[in-house]
Amino acid sequence: MVSEDPEGDSASRRGLLRAAGAGVAGVIVAGCGGGGSSLKAQVGGAQPVLHSDVEMLNHLLDLEHWAIAAYTAATPLLPPATVKAGQLFLNDELSHAGDLAGLVRAAGGKPIKPRPSYPLGHPRGSGEVLGVLHTVEQALITAYLDAIPRLRPGTVKQQVASIFANDAQHLAVVRAALHLPAVPSAFVTGRD
Amino acid sequence: MGDGSTRREWLSRTLLTGAGAAAGLAATPEAARAATAVPSDSDTLTKVLEVERLVVLGYRQVLASGALAKGEDAVIEPFLAHELEHVSTVAAQLAALGAMSDTAPLDVKTGAALLGKYHVPGSLTDLHARADCLRLLVNLESVAEGAYFTALKTLGHAELVTLCAQIMGCEAQHWTVISGLRNPGIYVKSVPWPFVTGSS
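Those protein sequences? They're chains X and W, same order as listed. With my numbering, letter number 141 in the first sequence gets 141, and the count goes up by one each step, no holes. With my numbering, letter number 166 in the second sequence gets 166, and the count goes up by one each step, no holes.
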């Protein structure tokens, strides 16, 4: 069902998400334009996550930890008009990490922990800070696109694709802030 | 994918007519899926194509309405080009699977029926205000996101999974930009959720 108000009461739902806390396995959230049903309900989460996918899921989780570090460091340095976007996207990455950690646990694995530090370079000026976020989001997108077709079962593909598409949205906003075309291609590849 | 896919689909159908059609014996992705009554890749892409054609009609109607604000046409027009590319690409994949597809522009009557089918509020013709136009496009992009999200659950060919994910990402970006036009500077509206699933 499509809503009359497509963006809905997203602010209050984000508040609920924050209150629920990141790191909760299988975070219960609504999808973009998807109304109020949970992600787990939408992907029919009864199917098992394969133990053989633990390494791939942990690789994605490691990249999400990198993105969390990047947004944590970058957000205070962003242009004033985009600080709120940085804060929101940091929350998103925390949710992604929580969801991926839940998938790793569901597959019988141990979620990889954040590293002590991540290479973020030495950006000078808000433009270079945005450039770091652009690089991080592109790396995430490339990694998700590599992983999605190899993951099993289909419901896990869906769950990971729902994260990928959100990161694609982040990339569009970051690109617009860099005065680049927000949606440069009909296919998101992470290489634009 | 070429003829290989077609042969695999034929092979899967053939296998399923035999006594050894149990999922454990299935030799192809199609056979395994058919054994559990999962739609074929052709069926899945046919549904996706229907949605893409509806989205194309929506963009055309909006651009023809003249109701967008100055400068917004330039933002929206490339998105129509993307949607047309999605239509041709999905149709090409269907052809590679040996399936017929129709890529002709939808008429408004058919489009209106599809709006009802996908529970999209609004109209393809009563587009007199900018707000109506942008709301329609956001809602259509939600349906497109949902179509690809649903497709990813059952698609068997890895290349098709990648393709559908890439297009789903593009639709999500369209959604964000159009929602950003509706709510400038309010990022919580243009990227409202950490997970994109669309509507179905």
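Source of the hints: derived by calculation from the structure; they are not laboratory data. Among these hints, one or two may not hold up.
Stated by the list, open to error - Not the full set, but computed from the structure, chain W residues with beta-carbon under 7 Å of chain X: (1) 40; (2) 67; (3) 68; (4) 72; (5) 76; (6) 100; (7) 117; (8) 152; (9) 153; (10) 172; (11) 173.
Heads up, the beta-carbon is just placed ideally off N, CA and C, and yes, glycines get one too.
Taking the hints in turn, this is what the structure says about them:
1. A distance limit of 7 Å between C-beta atoms decides the matter here; for residue 40 of chain W the minimum to chain X is near 14 Å, and the interface restraint is violated.
2. For residue 67 of chain W, the interface hint is violated, since its Cβ never comes within 7 Å of a Cβ in chain X; the closest pair sits about 18 Å apart.
3. A hinted interface residue such as residue 68 of chain W counts as satisfied when its beta carbon comes closer than 7 Å to some beta carbon of chain X; here the least separation is about 17 Å, so the hint is violated.
4. Proximity of residue 72 of chain W to chain X is violated relative to the hint, the smallest CB-CB distance being about 13 Å (cut-off 7 Å).
5. Given the 7 Å rule on beta carbons, the hint for residue 76 of chain W is violated: about 11 Å separates it from the nearest Cβ of chain X.
6. A hinted interface residue such as residue 100 of chain W counts as satisfied when its beta carbon comes closer than 7 Å to some beta carbon of chain X; here the least separation is about 23 Å, so the hint is violated.
7. The beta carbon of residue 117 of chain W comes no nearer than 11 Å to any beta carbon in chain X, farther than 7 Å, and the hint placing it at the interface is violated.
8. Nearest Cβ of chain X to the Cβ of residue 152 of chain W: about 5 Å, under the 7 Å cut. The hint holds.
9. Hint status for residue 153 of chain W: holds, given a least beta-carbon distance of 4 Å to chain X, under 7 Å.
10. Interface hint at residue 172 of chain W: satisfied, since its Cβ lies 4 Å from the closest Cβ of chain X, which is below the 7 Å cut-off.
11. Checking residue 173 of chain W against chain X: minimum C-beta separation of about 4 Å stays under 7 Å; hint holds.
Violated hints, in rising order: 1, 2, 3, 4, 5, 6 and 7; the structure is consistent with all others.
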